[in-house]
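Required output: the full structure, derived from the provided sequences and hints.
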Amino acid sequence: MNSSNATALTQPGVPMKVRNVSKRFGAFNALDDVSLEVAAGELVCLLGPSGCGKTTLLRCIAGLERQDNGVLYLGDRDVSDLAPQARDYGILFQSYALFPNLTVEANIAYGLAGSSRDVVRKRVAAMLELVGLTGSEKKFPGQLSGGQQQRVALARALAPSPSLLLLDEPMSALDARVREHLCTELRQLQRSLGITTLMVTHNQDEAMLMADRIAVMNNGKVEQYATPQEIYDRPATPFVAEFVGQGNWLPFERNSATHARVGGMNMRLADDAGRAASGRLFCRPEAISVNPLLHQENLFPARVREITFLGNRCRMSFELNHLPGHALTAEVGSQDLPRLGAPDIVVALPPSSLQVFA
Amino acid sequence: MAAEMALPVPGKVIPKTSSAELGDRIFVVGGKLLLLLLLGVAVLMPLLAIFWRGFSAEDGQGGGWVAARELVTSDNFHWLVGNSLKVSLSVAAIVVPLAYLFAYALQRTMIPGKRIWRGLSLLPLMAPSMLPGIALVYLFGNQGMLRGLICDNIYGFWGIVLGEAIYTFPHALMILLSALSLADARLFDAASSMGAGPFKAFRSITWPGTRQAVFAAFCLVFTLTITDFGVPVVVGGDYQVLALEAYKAVVGQQQFGRGALIGMVLLLPALFSFAVDAWLRRQHGDSMSGRAQVFKPLPSTVRDRCYLAIVLLICATLLLVFGMAVYSSLVKFWPYNLSLSLNHYQFNDTAGGGWLAYRNSVTMALCAALIGSVLIFTGAYLPKRPESGTAHAQLRTDGGTGSGPGPGLRVLFQPAGQPAACALRDDDAAGGVHHCSLFDHRVNDRDHRLAPTGQ
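Line by line, the protein sequences are chains A and B. Per the working numbering, the very first residue in the first sequence carries number 1; after that it's consecutive. Per the working numbering, the very first residue in the second sequence carries number 359; after that it's consecutive.
Hints in this document: simulated from the structure, not taken from any laboratory. None of the values given here were measured: they were computed from a predicted structure. Each residue gets a CB set at the ideal place from its N, CA and C atoms; glycine is no exception. Don't take every hint at face value.
Cβ pair distances, simulated, as ranges [what the hints assert, rightly or not]:
hint	chain 1	residue 1	chain 2	residue 2	range
1	A	Lys17	B	Arg561	41 to 47 Å
2	B	Ala633	A	Ser116	39 to 45 Å
3	B	Val634	A	Ala125	34 to 40 Å
4	B	Ala378	A	Ala342	36 to 42 Å
5	A	Asp76	B	Lys654	29 to 35 Å
6	A	Gly135	B	Phe557	47 to 53 Å
Sample of chain A residues with no beta-carbon within 10 Å of chain B, all distances over it, derived [as the list claims (entries may be wrong)]:
hint	residue
7	Glu37
8	Gly90
9	Ala97
10	Ala125
11	Gly194
12	Gln246
13	Phe309
Quick look at the structure:
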């Protein structure tokens, strides 16, 4: 490693490809023919409930778990059969996994074996500056707070200039405030370094906040792989719709190309809504207007059941008069509360916000 | 959430004296005082007794300052100390690495039949130290079955080392097994992701996590060996050691003062290891994070075969020795009539009580087991009860001495207690004390390692 390399914080990111990877644990199908492509310098989140296979996928990419089938590429190198040591990535664990008996300095220098002492020292200093912990070289992990330990772990993962950064639920051990702060910081750092990053999380806020693209996983499969916006606005499957954000579900029967029957009501659908003859309609709470000032389509009388105050917004639970017993949620601004005149209201379900699932 | 959590704290500062809480307090504090008292009676009193014996110049007892100076300056004493040290250091140097490999095989590899190997390896715990010595005589003695196979004459240095090695092996193994039982899988993942091979991972993760246990095992084996006279008395031959000298002084010559003096000398290594252990513990941070993931060894054929070979070799040796002991107890008249019989089990004819001695042994062992387990459980439980800050400070000092009483107690009891017990023809009672102190060590050790989880 020469001096110019030592000052470069990381190598430019490389693309990563996962092709048809499967992994079984006994009868349990942890990964079912998963394919995923991550562009160079991109931050991708694997999002899903526990047991969906996201951590298994990360561990396969890291070489800590061996896939049954499938191929893994890092850049144009096939790394499918390589030992973890030979794969060129850095990893950050939920539990920090710092070596408790080594100083911060020795922890960060752990992956720099083979470099001269001077290079290592400079590199450690540069990494500590990067994560904002200059001066902590001689401390032991036990003397640092959780957030600081995770920063050291990040410095340690980045020290050998890996071409891929893997984050395994890196924030879940931290308390909410530290988490939010570190999320933003980590994202900025990742952008400035341009390092390809794959992050596992079950926290959708974290994924929304940080990711360029999110892969929502369920039962060992990728349900949808898209930008956060697209995942929120156009969920591809009922699972994604349910897992990401809040939503309302309405059972329907199609009665024409443009209309569906819901309970005793006739609802207009958008032109590009699916062709399914029956199933469920999906609608985000904030897309529902309560007592709209302007004339809108799909206006229905309803009755308020409960209002939860959330600060700048309120969550309103209501029932459509023509669909009794079926609770729906709408979100309204707190300043609109006085003009709503509860309990009898009129709600509008705009056709563009209604998504059709078979 | 944070605000909710913070609320009850000011309320806690004001002492609430509900009757249940008061009872709880009395139970904990009273229990601790009682334990302290018991510890004082069981440890300090014998210690004082030994000192008193050693330094009182009664006629014919061989004690007193003059006798002490004479003893310490005599050439024979130097020779004995040298022998004892040589034997103990050799045994520790042989047993600890072997026990480490064995424990590593059981905890960190995927060899088959782990339960069997574990059971076999703990065999020597069930027998007094004399047994391996006797078996060695039958194997390699002048009329031994395998005489000439390893050496011409088993009596002497190597006989003692071999016998003590077998006797102390399970003691070291138990400490190392518990030290190697807990490992954070994430640390190994992190190490391999940063390019560390198995050797570097061992050096940076496994070794720092277990070196203290290795030290403890070393001290334990050392003190067990230096204070044991069971093996030297059988296979020592002309090679004399200090513990045997103490035994002879007390049992043979009725010189209790002299025995006490030597007992005090034997106490020194235990005190030394106690101090070093306490110092090491202070150096050591928390070894396990509460979020640790349980380490599961990955399959590796070469590694597993190597370890299986080591384990098989050790188990075969132990089986050979103990099988020999059992076999020889059944043989009619060694080595002339090798037909089997139960003649030797007819204790009625034995001098010194026969079946009565056997029954006494069993009764004493039962009592020791009952009292010991109750004491140890309360001793381990009480300090863990959540209480005021002072109690917690006390807890730390209690915990800090956790491994101390292991070797410490044993040495205190052995030079003083064992000859006396032996005089009663009873080796089991002393064994009871051993095992109690050993379990005490394990209980404390585990508590220690799990404590961070409970935060």
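Going through the hints against the structure:
A C-beta distance of roughly 35 Å is found between Lys17 of chain A and Arg561 of chain B, which places it outside the suggested range of 41 to 47 Å. Taken as a hint, the range 39 to 45 Å holds for the pair Ala633 of chain B and Ser116 of chain A, whose Cβ atoms sit roughly 41 Å apart. Taken as a hint, the range 34 to 40 Å holds for the pair Val634 of chain B and Ala125 of chain A, whose Cβ atoms sit roughly 36 Å apart. In this structure the hint that Ala378 of chain B and Ala342 of chain A lie 36 to 42 Å apart at CB is violated, the actual value being about 48 Å.
A hinted range of 29 to 35 Å holds for the C-beta pair Asp76 of chain A and Lys654 of chain B, which are about 34 Å apart. Between Gly135 of chain A and Phe557 of chain B the beta carbons are some 33 Å apart, a value that contradicts the proposed interval 47 to 53 Å. Non-interface status of Glu37 of chain A relative to chain B is upheld: no Cβ of that chain comes within 10 Å, the nearest being about 22 Å off. Distance to chain B contradicts Gly90 of chain A as a non-interface residue, since its nearest Cβ pair spans about 7 Å, not more than 10 Å.
At roughly 4 Å from the closest C-beta of chain B, the C-beta of Ala97 of chain A falls inside 10 Å, breaking its exclusion from the interface. Under the 10 Å C-beta cut-off, the non-interface status given to Ala125 of chain A relative to chain B holds; the minimum distance is some 19 Å. Every beta carbon of chain B lies more than 10 Å from that of Gly194 of chain A, the smallest distance being close to 21 Å; the non-interface claim holds. No Cβ of chain B approaches the Cβ of Gln246 of chain A within 10 Å, the least distance being about 21 Å, so the stated non-interface status holds.
Once the 10 Å rule is applied to beta carbons, Phe309 of chain A is consistent with being away from chain B; the minimum gap is 17 Å.
Hint check: violations occur at hints 1, 4, 6, 8 and 9; the rest are consistent with the structure.
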